[in-house]
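Enquirer: Chains as they are written, first to last, in my numbering: chain A, 5 to 341; chain B, 5 to 341; chain C, 5 to 341; chain D, 5 to 341.
It should be emphasised that the hints constitute simulated quantities derived from the structure, not laboratory data. Check the hints yourself; a few may be wrong.
The list makes no distinction among identical chains, and a pair is therefore deemed to hold if it is satisfied within one copy or across any two copies.
Said to hold, decoys possible - With a straight-line Cα cutoff of 30 Å, these simulated BS3-like cross-link-like pairs (lysine-lysine) come out:
#1 K98 / K84
#2 K207 / K99
#3 K150 / K53
#4 K89 / K117
#5 K10 / K27
Number of protein chains: 4
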Amino acid sequence: MIVVLKPNISKEQESSVLSEIEKLGYKPHVMRGVERTVIGAIGDERTHKTLESLLTWKQVESVMPIQKRYKLVSREAHTKDSYVKVRQHFIGNKKFHVMAGPCSVESESQLMKTAEAVSKAGATILRGGAFKPRTSPYEFQGLGEKGLKLLAKAREETGMPIITELLSENHADMVAEYSDILQIGARNAQNFQLLIAAAKTGKPILLKRGMSMRIEEWLLAGEYVLSNNNPNLMFCERGIRTFETYTRNTLDLSVIPIIKQESHCPVVIDPSQGSGRSDLVTAMCKGAVAMGADALLIEVHPNPIEAWSDGTQQVSLDTFSRLVEEIRPFVEAAGRE
Amino acid sequence: MIVVLKPNISKEQESSVLSEIEKLGYKPHVMRGVERTVIGAIGDERTHKTLESLLTWKQVESVMPIQKRYKLVSREAHTKDSYVKVRQHFIGNKKFHVMAGPCSVESESQLMKTAEAVSKAGATILRGGAFKPRTSPYEFQGLGEKGLKLLAKAREETGMPIITELLSENHADMVAEYSDILQIGARNAQNFQLLIAAAKTGKPILLKRGMSMRIEEWLLAGEYVLSNNNPNLMFCERGIRTFETYTRNTLDLSVIPIIKQESHCPVVIDPSQGSGRSDLVTAMCKGAVAMGADALLIEVHPNPIEAWSDGTQQVSLDTFSRLVEEIRPFVEAAGRE
Amino acid sequence: MIVVLKPNISKEQESSVLSEIEKLGYKPHVMRGVERTVIGAIGDERTHKTLESLLTWKQVESVMPIQKRYKLVSREAHTKDSYVKVRQHFIGNKKFHVMAGPCSVESESQLMKTAEAVSKAGATILRGGAFKPRTSPYEFQGLGEKGLKLLAKAREETGMPIITELLSENHADMVAEYSDILQIGARNAQNFQLLIAAAKTGKPILLKRGMSMRIEEWLLAGEYVLSNNNPNLMFCERGIRTFETYTRNTLDLSVIPIIKQESHCPVVIDPSQGSGRSDLVTAMCKGAVAMGADALLIEVHPNPIEAWSDGTQQVSLDTFSRLVEEIRPFVEAAGRE
Amino acid sequence: MIVVLKPNISKEQESSVLSEIEKLGYKPHVMRGVERTVIGAIGDERTHKTLESLLTWKQVESVMPIQKRYKLVSREAHTKDSYVKVRQHFIGNKKFHVMAGPCSVESESQLMKTAEAVSKAGATILRGGAFKPRTSPYEFQGLGEKGLKLLAKAREETGMPIITELLSENHADMVAEYSDILQIGARNAQNFQLLIAAAKTGKPILLKRGMSMRIEEWLLAGEYVLSNNNPNLMFCERGIRTFETYTRNTLDLSVIPIIKQESHCPVVIDPSQGSGRSDLVTAMCKGAVAMGADALLIEVHPNPIEAWSDGTQQVSLDTFSRLVEEIRPFVEAAGRE
C-alpha cells in the first residue's frame with residue numbers, strides 16, 4: 005500500500021502513522037517528495053488488513069493499494085486462455101458459439117419451434133428462462149420447474165446443451181440437474197450466497213455483469229466461483245446503466261479486450277439485454293465478434309410482439325437466421341470458426 | 005398506453021397496429037396530430053400484457069405507459085404516512101430516530117462498548133453486521149450466528165432494538181429470530197427471492213436502494229414486500245453510483261421528498277455508506293434531517309482504523325456523540341423530536 | 005403532447021388544464037382510461053410553447069412530447085446517407101477513412117515524421133491539435149497558430165487534408181483558413197456559440213459527443229450546425245463518462261447503428277479518447293469498423309511516452325501500421341474499401 | 005508519482021523504466037514489495053511532465069500521481085474561508101444569501117414584478133437570463149442586450165445586485181458592463197476560453213459544475229479563474245447527470261462539505277436546475293442550508309406555466325415567499341443570518 009501524508013504535519017503525526025502501519029503488519033518505507041511525504045507499506049495486501057482506514061486520520065491524504073485483489077481469475081494465475089466444456093462443446097476455443105432462444109420459456113410449442121429454428125440457423129446452445137427476475141411483482145415470473153423440463157426436452161430433440169438462469173440458492177440443485185450452464189443474472193451479480201451455491205454444483209457458470217459493476221468488482225465476483233473450486237466460469241457483458249435513455253442499457257464492448265487482458269476466462273456478449281432493442285442486435289453482434297468475443301447470447305422469439313417478457317429486445321426467427329449469415333464474414337475475419 | 009406511429013406509414017401498417025392492440029385486450033383510440041398519429045390504448049396496464057413490444061414493428065415510433073407500476077407502496081393506496089413499529093419505537097412518526105453501531109460485529113467487547121456509547125449519546129436502535137456481503141471472497145465475511153447472539157445480548161443490556169443485514173434466503177428465519185429489523189443491502193435490492201423470504205418473516209424490513217436503481221425500481225422492489233403481506237417497510241438511501249470518485253457513492257438526498265411524495269413509507273438515510281468517508285458524515289446527517297428523513301443509520305466504531313470492514317466510513321464514539329449534538333437544532337427546526 | 009392527469013381530481017381541475025392547453029395553442033383531445041384521464045394536445049411542438057410546465061400544477065401527473073425535436077439532421081429530412089467532401093475525399097461513402105496523427109502538434113519534426121508514417125500506413129486524413137483544451141491551466145495548451153502552420157505544411161508534403169480542433173469563437177476564421185475539417189471537442193459539444201461560429205465558416209464540422217450527452221442532445225447540437233446553413237456535419241463518438249474507472253471513458257459503439265437510424269450524417273469513431281488506453285485501440289477499431297462506422301480518428305505519436313499531452317492513449321508508429329493491417333479484413337467484411 | 009511495475013519482468017525492463025523516469029526529470033526511488041516492485045518518482049508533478057504515459061509500456065502496471073493538481077483554489081493556498089464582494093454584499097461571510105429571479109428575462113413587466121416580489125420576500129441578489137444556452141436551436145435564445153438593460157433597471161429600482169449568464173467570449177465586456185456577477189453555466193464549465201475571458205473582466209464569477217464533472221475537474225476549472233488574476237470565485241452545484249430519470253439532474257449536496265474542505269471559495273446551491281422540478285425546490289433548499297451552503301440560486305416566475313424556458317423548475321412568487329419563511333429556522337440552526 006502507498007500512504008500519502010498531508011503537507012505540513014508534525015513529527016508526532018507522522019510517527020503515529022508509521023507505528024500504526026507496523027502494528028497492522030506492514031513494513032513502512034518513507035520517501036520524502038517535493039511537497040508531501042509518501043510511505044510505501046510493504047506486506048501482502050491480500051492477507052493483511054487494509055490500510056485504507058488510515059484515511060480517517062487528519063494527517064493522511066490518500067491511501068492506494070498496489071496489488072490486484074483478484075487472483076484465480078487473473079492472467080497471472082493462468083497465462084493461457086481457459087475454456088469451458090459444455091457437453092460436446094468447448095467455449096473459449098477457436099470455435100465461435102451462438103447461444104440463442106427465448107427470453108422466457110412460455111410453452112412447449114413456443115420453445116420447440118424456437119429451438120428447432122435457431123439450431124437450424126446455426127446456434128449451438130439453447131437459452132431460455134424458467135425463473136425470471138422481474139422488476140415488478142405483478143409481471144410473469146417464469147414457469148419454474150415446468151420450464152426446466154421443457155428445456156431438457158428441447159435439448160433431447162435438438163442436441164443443443166441448455167443455459168438457464170438461477171435465481172435462488174434453494175434452486176441450485178434443481179436447476180443444475182436440468183441445465184448445462186447456470187446463468188447468474190445482472191441483478192444477482194453480487195449476490196455472493198447465490199454465487200457460492202452455484203459454484204458448488206460444479207456446473208459451468210455464466211456470470212453476467214451487474215448494471216453498475218466496475219470491471220474489478222466483476223472479476224472479484226468471478227473469484228467467488230473459482231475460489232469455491234469451480235473453474236468453469238464465463239463472463240457475460242449485458243450492458244451497463246448510464247445516463248443514456250435511447251437504449252435500455254449501454255453495451256460496453258470494451259470489456260472484451262479488457263477481460264482478455266486481465267483474465268483467462270471466456271467472454272460472452274448479450275446484445276439483447278445490452279441494448280434492449282431488437283433493431284440494434286445485429287450490429288452489436290458484428291462488433292462483438294470483431295472485438296474477440298467467444299460467444300453470443302441472443303434472445304429469439306417466434307412472435308416477439310406477444311412475448312411474455314422483454315418483447316422489445318427479442319428478434320424473430322427470420323431476423324435471427326439473417327443475423328447468423330451477416331456475422332459469418334466477421335467470424336472469419338476474426339480467425340474463428 | 006400511448007402508441008406513437010411513425011410518419012408516412014401505410015393504412016395497412018396502421019390497421020395492423022390497431023388489431024394487435026385489440027388482440028392484447030386494449031381499446032384503441034386514434035388521434036391524428038400534426039406530423040404523427042397517436043393511439044391511446046385503454047385498458048389496465050397492470051393486468052394486461054405490455055404493448056412495448058410493438059416497438060419491434062417498423063411503423064411504431066414509441067410506446068409510453070400511463071399508469072404507475074407500483075400500487076401498495078404508493079401514496080394513492082395509502083394517503084397518510086405509514087409508520088413501522090419496532091418494539092417500543094415507531095419509525096415514521098414525529099419522533100426522529102438514530103440507528104447506530106459498528107459496520108461489522110467483531111467481538112463482544114467491541115460491540116458492547118459501542119452499544120453503550122451510542123445509546124448514551126442518544127441512538128435508539130443498534131445496528132451491526134453479522135453476515136457481510138464483501139466484494140472480495142478474501143475479506144472478512146462476518147461472525148454469522150455468533151454475531152447475531154452478541155447483538156441480542158447488546159439489546160438485552162441497552163434496551164435498544166437491533167437491525168442487521170439478511171444475506172441469504174436460507175438465513176431468513178434465523179436472522180428474524182434474533183433481529184428486530186431485517187436489512188436488505190444494496191447489492192441484494194433486486195434479489196427478489198430474498199425480498200420475498202424476508203417479507204414472509206413478518207419482521208420490519210429496511211430496504212436499501214441498489215447502487216444504480218431508479219426510484220421506480222426501488223418502489224417496485226418495495227412492492228415485493230408489501231404484496232407478500234408485510235406492511236412494515238422502510239426505504240433507506242445509501243448513495244448511488246455515479247462518475248464521481250471523490251466519494252465512494254453519491255448520496256442522493258432528493259429521494260427524501262420524492263419518496264414522501266410517491267409513497268407512504270418511512271425514509272431512512274445512511275450517510276456512512278452514502279459517502280464512504282467519515283469526515284462527511286455529520287454534514288450529510290444535517291442535510292438529511294432538514295429534508296425530512298425519519299431516521300439515520302450511522303456506522304460507529306470504537307477504533308475505526310482497526311475495523312475489520314469499511315473503516316474509512318465509520319465514525320469514532322466521540323465523533324458520534326458530537327454529531328448527535330450538532331444535528332439536534334436541525335431536528336427541532338424540522339419540527340421533530 | 006400527451007398530458008396525463010392524476011386520478012381523483014375535480015372537474016374544475018381538469019377544465020383548467022384544458023383551458024391552459026388551448027391558451028397555449030394546442031387542441032385538446034380527452035381520453036378516459038382505466039385509472040387516469042389522458043389528454044392528447046394536438047399542435048406543432050416545434051412552433052408552440054412546451055406544455056411541460058403544466059407539471060407544476062398538482063393535478064398533472066406527467067407530460068410527454070410526441071414529436072422529435074431535431075429536424076434537419078434527421079432521417080426524415082434526408083432519407084439517403086449524406087456524405088461530406090473534404091478536398092479529394094468523401095466521408096460517408098463506400099470508402100472507409102482513417103484520420104490519424106498526434107494528439108498535439110509539438111514540433112515540425114514530430115509532426116512530419118508522424119504524417120509521413122501514417123500516410124504510408126494508409127491514413128487518408130491528418131489530425132493534430134494546435135489549440136488544446138486542458139483540464140488544468142498548468143498543462144500544455146498547444147502551439148496555437150504556429151501549430152496550424154505546421155499542419156498546413158504537412159498537408160502540402162503528404163497530400164492529406166487536415167483536421168484540428170476549434171476552441172474559441174474568436175479563432176473560427178483563423179482555424180478555417182488552415183484546416184479542412186473543424187473539430188468541436190467533447191467539452192464544447194454544447195457550446196452553442198462556438199457551434200454557430202464554426203458552422204458559419206462553411207467548413208466540414210466533426211462534432212464530438214459530449215461526455216454525458218444523450219443521443220437526442222447530440223443530434224440537436226448537430227442541428228445547430230445544419231440550421232446555420234452548413235450541411236457538412238459528421239458525428240464523432242469518443243466515449244462517455246460512466247462509473248467505470250478501468251478506462252478513461254466508455255466507448256459507446258452502439259451509437260453507430262443508432263445515428264445511422266436517426267440521422268443521415270456520417271459517423272466517426274475515436275478509440276483513443278474513447279478508451280484512454282493505447283492497448284485497447286486496435287480492438288476498438290475492429291468493433292467500430294464491423295458495426296458500420298464511416299471513419300476512425302486515431303492518435304499516433306512517434307514516442308508516446310514523451311508526448312506533451314495524453315501519452316497513454318496514443319499509439320506508436322509501428323502499432324499504427326499493424327493496426328491498419330489488422331482492421332483490413334473487417335473493412336472488407338463490412339463491404340467497404 | 006508512484007510507478008508500479010508488473011510482476012516477473014526482466015532487469016532490463018526495470019532499468020529502462022528507471023532511465024525514462026530520470027530522463028523526464030524525476031528522481032526514482034525503488035521499493036521491493038511482496039509481489040511487485042514500486043518506484044517512487046520524486047519531483048514536482050506540476051512542473052514536470054506526467055509519467056502516466058509509462059502505462060503504454062508493457063512492464064508498467066499503474067502510475068499514480070501524488071500531488072493535487074489545483075493550487076490557488078485549494079485550502080492549502082488559503083486556509084481561511086474567502087468571500088466575494090458583490091456591491092454592498094459579501095458572499096461567504098456569516099450572512100446567508102438568496103439569489104432569485106426568472107430563468108429568462110422575458111419582458112419588463114415580468115422582470116419587475118418578480119424582482120419586487122423576491123426582494124420583498126428576502127432575496128438579496130436578482131438572477132435572470134439574457135443569453136440562454138438552449139439544447140435545441142428552435143427554442144427561445146434570450147433577449148440578449150435588451151435583457152441586460154432590463155436587469156440593470158431592476159437593480160436600480162430594487163437595489164439588488166444582479167447575476168446573469170455569460171455565453172460567449174465576445175460578450176464578456178458587454179455582460180460585465182451590466183452585471184455584478186458573471187455566471188458560467190454547466191455546459192460551458194470546461195469552455196476554458198470563456199472562463200479566461202470572464203476572469204479577465206475582474207467581475208465575480210459563479211462557476212456552475214458541469215453535468216458530469218468530477219470535483220477535481222471543477223476545482224481545476226476554478227483554477228483557470230484564479231490563475232487569471234481574478235480571486236472572486238464561487239462554486240455552484242446544479243445537479244449532475246446520473247441514470248435517474250425521476251429528476252432532471254441529481255443534486256449532489258455532498259459537494260458542500262467537500263468544497264469547504266478542499267477549497268476556500270464560497271459554495272452556492274441551485275436547487276431549480278438541480279432537480280428540474282419546482283415541487284422539490286423547498287426541501288432541497290433546507291438540505292443545502294443545513295449542510296453549510298453560503299447562498300442559494302432559485303428560479304422564480306410570476307406564472308411558471310407560461311414561462312418561455314424551463315417552466316417546470318420555476319417556483320411561483322407565493323411559493324418563493326413561503327420557501328424563504330420555511331428555510332429561516334434552518335439558516336438559524338446553521339448559525340447564519
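Enquirer: All hints, please: hold or fail.
Expert: Structure-based check of all given hints:
{"no.": "1", "hint": "K98 / K84", "in the structure": "within (13 Å within a copy, 39 Å between copies)"}
{"no.": "2", "hint": "K207 / K99", "in the structure": "within (21 Å within a copy, 48 Å between copies)"}
{"no.": "3", "hint": "K150 / K53", "in the structure": "between (48 Å within a copy, 22 Å between copies)"}
{"no.": "4", "hint": "K89 / K117", "in the structure": "within (26 Å within a copy, 50 Å between copies)"}
{"no.": "5", "hint": "K10 / K27", "in the structure": "both (21 Å within a copy, 28 Å between copies)"}
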